[in-house]
Amino acid sequence: MITAEEIWFTYPDGPTALRGVSLRIRDRELVAIMGENGAGKTTLVKHFNGLLRPQEGSVTVDGLNTLQVSVAELARKVGYVFQNADHQLFSETVYSEVAFALNNFGYPEKETRRRVQQVLRLLDLEKYRNSSPFSLSGGERKRVALASTLCFDPEIIVLDEPTIGQDGSQKKKLGELIHSFNLEGKTVIVVTHDVEFAAEYAQRIVAMARGRIIADGPSKKVLTNPKILEECALLAPQATQLAQRISERVKGFPTELVSVEEVASAIREFLGG
Amino acid sequence: MSVLQAFNFRRKNTVVHRLDPRTKLYLAITLLIVSFIFSEVVVLSLIFLFLLLVLAAARSLSQWFRTIRGLSFLLIIVVLFNSMFATLGYAITFVVRLLDIMACFSIFFLTVHPDDLAQALIHLHVPFDFAFTLSIATRYVPTLAQEAQTIIDAQMSRGLELQKGNMIKRIRNYIPILIPLIVCSIRRALSVAESLESRAFGSTKRRTYLHALKMAKKDHFVILLATLAVIVSIYYKFLVGLPSWLTWQIPL
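Protein chains in written order, with our numbering: chain L, 1 to 273; chain E, 1 to 252.
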């Protein structure tokens with residue numbers, strides 16, 4: 001469980017990125033953190049594995065105050081996948097890239113090999129095992145970065161903008177993967193601008209603007225509220241827009257729908273089974 | 001990465017900022033020459049005091065101190081090594097001179113916008129390509145610093161501990177930082193080059209400029225003073241000799 005209490009953070013020579021943020025993320029939740037550029041999303045999640053420490057307030061991860069533990073300790077618990085894969089790829093082969101974290105955490109050789117193999121298979125990267133990560137395409141590099149975090153099996157996974165640069169089918173795969181981690185009992189936190197992706201996969205949406213949380217709740221409450229969406233510079237998911245347009249003509253048609261599946265079943269119901 | 005603060009330009013409206021970049025370049029070079037002429041700690045300290053005044057006039061003092069804080073490790077090493085092979089008094093003198101040198105450069109870089117820097121060089125008959133390269137390089141220093149921090153964060157999230165191990169291990173710890181940094185810089189350089197070309201960079205030999213630099217009265221005044229300072233320095237140091245209170249040495 002992650003608990004943030006009234007945290008404030010100002011970058012040196014920079015803006016105040018967080019202005020009193022309180023948030024509790026329970027185990028096994030799948031949360032999307034959304035908001036316009038500069039709202040403080042990334043700053044907030046960097047507090048979860050100790051990369052940033054709150055200047056006021058406190059952050060606890062599974063009962064540990066982040067002020068009292070090192071990033072290396074927290075990183076094992078909270079896996080953080082950065083937005084740009086190019087900021088972390090450096091090894092000669094995909095294999096050693098993925099094994100890097102396992103070596104840092106002191107896993108024995110045999111266990112390392114097993115885990116790397118497993119995660120490469122999971123992410124469809126087996127054929128690149130001995131290729132240079134730099135020779136891969138953007139989307140593949142992003143998957144290697146993901147693999148290099150998933151390999152140590154953290155209980156909490158933070159993904160910063162995972163859908164950027166992924167084509168439609170990879171995005172779908174990614175969504176299903178995130179969903180399956182969640183089913184396995186992992187806590188997943190996704191920072192994203194992608195409303196469709198959040199609507200499809202996240203149960204809970206935390207909406208941020210100007211360093212504050214302005215809404216926090218189930219996706220069908222947050223993503224269908226025009227006031228919140230406007231404040232966060234987001235557009236409603238297309239499914240929601242469709243439902244709202246239908247409800248203008250069809251009395252009683254529900255408007256709090258966010259996914260295609262929900263709209264489809266509402267239409268079916270209205271058409272009488 | 002606070003060292004790179006020195007390159008982080010902010011436009012301010014002060015006497016120092018309003019000077020022509022060529023004047024500031026000249027001022028920086030003359031002050032540099034003066035701090036090389038003298039090896040007396042009293043004179044070097046006076047120069048330092050003067051440089052601090054200039055920085056204060058440019059309202060950049062706190063920014064400069066942050067830069068120096070980032071370099072304090074280097075300064076401590078200089079003191080240690082010098083006092084090992086020479087006297088502590090010499091080491092301190094050397095550090096004061098080093099501070100002078102750093103302040104000279106900082107006055108220039110903290111108060112000259114990268115674009116104006118290019119303009120100044122072009123007016124000094126440096127070919128446009130070189131001037132532009134230099135100005136774009138200064139422009140990207142803060143970006144590089146930010147990127148380095150992101151890379152450090154990303155690798156720490158994968159369990160990298162920079163402070164772990166013996167000396168050699170610690171140096172090796174930086175490999176996962178340096179490689180992505182270099183790769184990203186090269187990638188960016190290529191894309192900057194492409195976008196420059198797509199905006200017809202270098203299509204004509206004689207280009208025109210949006211802003212032209214003009215020397216004002218105050219610029220000529222500063223240049224005159226700076227020149228006088230060098231002449232007086234040389235005169236007293238090599239021909240007349242300094243009065244005794246200026247040649248006082250740290251008795252250590």
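No lab work stands behind these hints: they were computed from the structure.
Since we're looking at a predicted model, the values are computed, not measured.
Some hints here could point you the wrong way.
[Claimed, not checked] If the Cβ cut is set under 10 Å, some of the chain L residues that face chain E in the computed set are:
hint, residue
1, 50
2, 70
3, 76
4, 79
5, 100
6, 102
7, 140
Even for Gly, the Cβ is constructed at its ideal location relative to N, Cα and C.
A quick look at each hint next to the structure:
Because the beta carbon of residue 50 of chain L sits about 9 Å from the nearest beta carbon in chain E, less than 10 Å, this interface hint is met. Taking 10 Å as the C-beta contact cut-off toward chain E, the hint placing residue 70 of chain L at the interface holds, the least distance being around 8 Å. Because the smallest distance between the Cβ of residue 76 of chain L and any Cβ of chain E comes to about 7 Å, under 10 Å, the interface hint for this residue holds. Annotation: interface hint on residue 79 of chain L holds; nearest CB of chain E at approximately 7 Å, less than 10 Å.
Here the hint on residue 100 of chain L is kept, as its CB sits about 6 Å from the closest CB of chain E, short of 10 Å. A hinted interface residue such as residue 102 of chain L counts as satisfied when its beta carbon comes closer than 10 Å to some beta carbon of chain E; here the least separation is about 8 Å, so the hint holds. The restraint placing residue 140 of chain L at the interface with chain E is violated, with a minimum CB-CB distance near 16 Å, outside the 10 Å limit.
Going down the numbered hints, you'll see the structure goes against just number 7.
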